[in-house]
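J.: Sequence:
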Amino acid sequence: MPDQLHIYNSLTRKKELFEPLNPPHVGLYVCGPTVYSDVHLGNVRSFLSFDIVYRYLCHLGYKVRYVRNITDVGHLVDDADEGEDKIAKKARLEALEPMEIVQKYTNGFHKIMRLMNIIDPSIEPQATGHIIDQIEMVKRIIDNGFAYEVNGSVYFDVEKYSQQYHYGELSGRVIEDMQESGRDLDSQDEKRNKIDFAIWKNADASHIMRWPSPWGDGFPGWHLECSVMSTKYLGKTFDIHGGGMDLKFPHHECEIAQSVAADGTAPVKYWMHGGMLNFEGKKMSKSLGNSILPEEMINGDSPLLDKPYSPMTIRFLMLQTHYASEIDFSNKALQDAEKALRRLTNALKTVEKLPFVEGKIDEEKETTIKALCHECSEHMNDDFNTAKTIAALFGLATQINTFKDAGGKVTGISNDTFELLKSTYATFILEVLGLKEESTGDQSVLNDVMSILIDIRNTARAQKDWATSDTIRNRLSEANIIINDNKDGQTTFEIG
RNA sequence: GGUCGGUUGGCCGAGUGGCUAGGCAGUGGUCUGCAAAACCAUCUACGGCGGUUCAAAUCCGCCACCGACCUCCA
1 MPDQLHIYNS LTRKKELFEP LNPPHVGLYV CGPTVYSDVH LGNVRSFLSF
51 DIVYRYLCHL GYKVRYVRNI TDVGHLVDDA DEGEDKIAKK ARLEALEPME
101 IVQKYTNGFH KIMRLMNIID PSIEPQATGH IIDQIEMVKR IIDNGFAYEV
151 NGSVYFDVEK YSQQYHYGEL SGRVIEDMQE SGRDLDSQDE KRNKIDFAIW
201 KNADASHIMR WPSPWGDGFP GWHLECSVMS TKYLGKTFDI HGGGMDLKFP
251 HHECEIAQSV AADGTAPVKY WMHGGMLNFE GKKMSKSLGN SILPEEMING
301 DSPLLDKPYS PMTIRFLMLQ THYASEIDFS NKALQDAEKA LRRLTNALKT
351 VEKLPFVEGK IDEEKETTIK ALCHECSEHM NDDFNTAKTI AALFGLATQI
401 NTFKDAGGKV TGISNDTFEL LKSTYATFIL EVLGLKEEST GDQSVLNDVM
451 SILIDIRNTA RAQKDWATSD TIRNRLSEAN IIINDNKDGQ TTFEIG
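By the numbering used here, the letter at position 243 of the first sequence is numbered 243, and the numbering carries on one by one without gaps.
Think of the hints as simulated: they come from the structure by calculation, not from any bench. Errors might be hidden in some of the hints.
Straight-line alpha carbon distances no greater than 16 Å define the calculated EDC-like cross-link-like pairs of lysine to aspartate or glutamate that follow [claimed, not checked]:
1. Lys282 <-> Asp328
2. Lys404 <-> Glu437
3. Lys15 <-> Glu352
4. Lys332 <-> Asp306
5. Lys111 <-> Asp38
6. Lys349 <-> Glu494
7. Lys232 <-> Glu124
8. Lys269 <-> Glu494
9. Lys63 <-> Glu19
10. Lys409 <-> Asp488
11. Lys464 <-> Glu494
12. Lys353 <-> Asp263
13. Lys63 <-> Asp120
14. Lys436 <-> Glu352
15. Lys370 <-> Glu437
16. Lys307 <-> Asp263
17. Lys194 <-> Glu176
18. Lys339 <-> Glu437
19. Lys232 <-> Asp263
20. Lys349 <-> Glu419
21. Lys269 <-> Glu19
22. Lys160 <-> Asp143
23. Lys487 <-> Asp405
24. Lys248 <-> Asp263
Simulated restraints, written as ranges between beta carbons of each label pair [claimed, not checked]:
25. Asn144 <-> Glu419: 55 to 63 Å
26. Glu159 <-> Arg13: 24 to 32 Å
27. Glu124 <-> Ser444: 29 to 37 Å
28. Lys15 <-> Glu124: 23 to 31 Å
Since this is a predicted model, take the numbers as computed values, not measurements. Every residue, glycine too, gets a C-beta built ideally from N, C-alpha and C.
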């Protein structure tokens, strides 16, 4: 197992040792949301995957500049020529200013990110704030001979590019095949070749989002913003670029082509692609209309769901699967995850409370615990394998619970190992995996009230007044509070 | 049609040549006034057929099924 970070690079299709271009600095770019509607669970998964990448890189001590854009212009709705900007279309539908749409859904996106405990990027650039830079990049591509202008629109010349460079190296596509098998789109007369793509689109007065350019009024093309903003903030070549599998082609392929055509260098050293999230076996996507919003899941407000699930339950379930694999969400999976997460976090509370007692060292136990602690890092080093890391954490949870069961103290291991156990367990759960403790309402008041109820119940129990003690427990259970009489004589509660 | 990926025990889900993944559920036990939690034990699979190998879930071939991408999508 690796003791240094290895990343599966989509570009080379191999797991590679991670060597930053300029250590200890790391440049990380992730394709952000297009803010024309609510982010759904599938989007969340992708951002979570790269949240883990960011967190772990930071954990390893790298100084990471993490750029995740907001796409607020530039995605065409239909085919290339008759296409309308997604934001503009939505603005018409909702009778709002385009920037009102952008603000509304950007706010919603941020809210979900916070709920899911996804850390903010270092820079969150917006495409509309970089129109000038995008125009500059279009100019460079034209100057280098890889784009041509027709009627105020500028198209990337894929064939010309592929004479000199390799278009399709990321997605494994061959341009001859694409020319044969690609579907025919309407009104493509302007393009020299149907595999060419727009980098600047002409827009007449009826378009509500347009900017002046050397080619007349218009708006930037589909894929340009990411090339521009990654270059601007991370340089012409940077370390890691992430996004969902569905962006590999054409979006990321075009990004590579644009950067190479403009600046002559491959933009990215390690390409990472996250797997899709399915519901009932189908990719969850806006266009298929089978998406569940995170808020619906948290409120249980969807006909597809049996009950509400907490943000950390959702987070945990996602992390039980490797980022590159598909996940199929279901009620059963969510309920299992809820219980499993509770086991993990209960052990965290336990280990923080258990006293250490010096004693004869049990070599086997000592070795087991140390090995499990090391495994947490080793598994994360193996292409961010959160599933295996979680397995190791469950191993530690069992060790912790065994201490609790066997006398409610930690003994038989060295103090160093105990400290390692405590810090590893807490660090990986809270910082690396970002599984924060969830609390509902005012904890301090609740704690006070609960300690009163527990006192009354314990008095009843001491008098063998089971009717009273069980009534308290049952009524609390109805209120979703579970009472546990632990082996050590302590009574605790948890919100279930 | 083209390209790529997947098919693992009751369910979810790791895993690329030999060593128990893990979780949830189930079963038996310990503990408990009873529960719950926890612990111990148990159940232990790799789509089908063929091949390579001392050894295959893991490599190769064929077949079946599922999915993604090829058009905006995380």
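J.: Given the hint that Lys269 pairs with Glu19, test it: the Cα-Cα distance must not exceed 16 Å.
T.: holds (9 Å)
J.: Taking 29 to 37 Å as the hint, is the beta-carbon distance of Glu124 and Ser444 inside that range?
T.: holds (35 Å)
J.: Can you confirm whether the C-alpha distance between Lys487 and Asp405 stays at or below 16 Å?
T.: Roughly 7 Å separates the two Cα atoms, so the pair holds.
J.: Taking only the CA atoms, is the gap from Lys269 to Glu494 under or equal to 16 Å?
T.: violated (47 Å)
J.: Given the hinted pair Lys160 and Asp143, is their alpha-carbon gap at most 16 Å?
T.: Between Lys160 and Asp143 the Cα gap is close to 13 Å, so the pair holds against 16 Å.
J.: Going straight from one Cα to the other, do Lys370 and Glu437 come out at no more than 16 Å?
T.: violated (25 Å)
J.: Within a Cα-Cα threshold of 16 Å, do Lys111 and Asp38 meet the stated pairing?
T.: holds (11 Å)
J.: Between the alpha carbons of Lys63 and Glu19, is the straight-line distance 16 Å or under?
T.: Answer holds: Lys63 to Glu19 is near 13 Å, not above 16 Å.
J.: Mind checking the alpha carbons of Lys282 and Asp328 for me, to see if they're no more than 16 Å apart?
T.: This hinted pair holds, its Cα atoms lying about 8 Å apart.
J.: Is the straight-line distance between the alpha-carbon of Lys232 and that of Glu124 16 Å or less?
T.: holds (12 Å)
J.: Check the hint pairing Lys409 with Asp488 against an upper bound of 16 Å on the C-alpha distance.
T.: Between Lys409 and Asp488 the Cα gap is close to 10 Å, so the pair holds against 16 Å.
J.: Does the Cβ-Cβ separation between Glu159 and Arg13 fall within 24 to 32 Å?
T.: holds (25 Å)
The structure does not agree with the numbered hints 2, 3, 8, 11, 12, 15, 16 and 24 stated previously, though it agrees with the rest.
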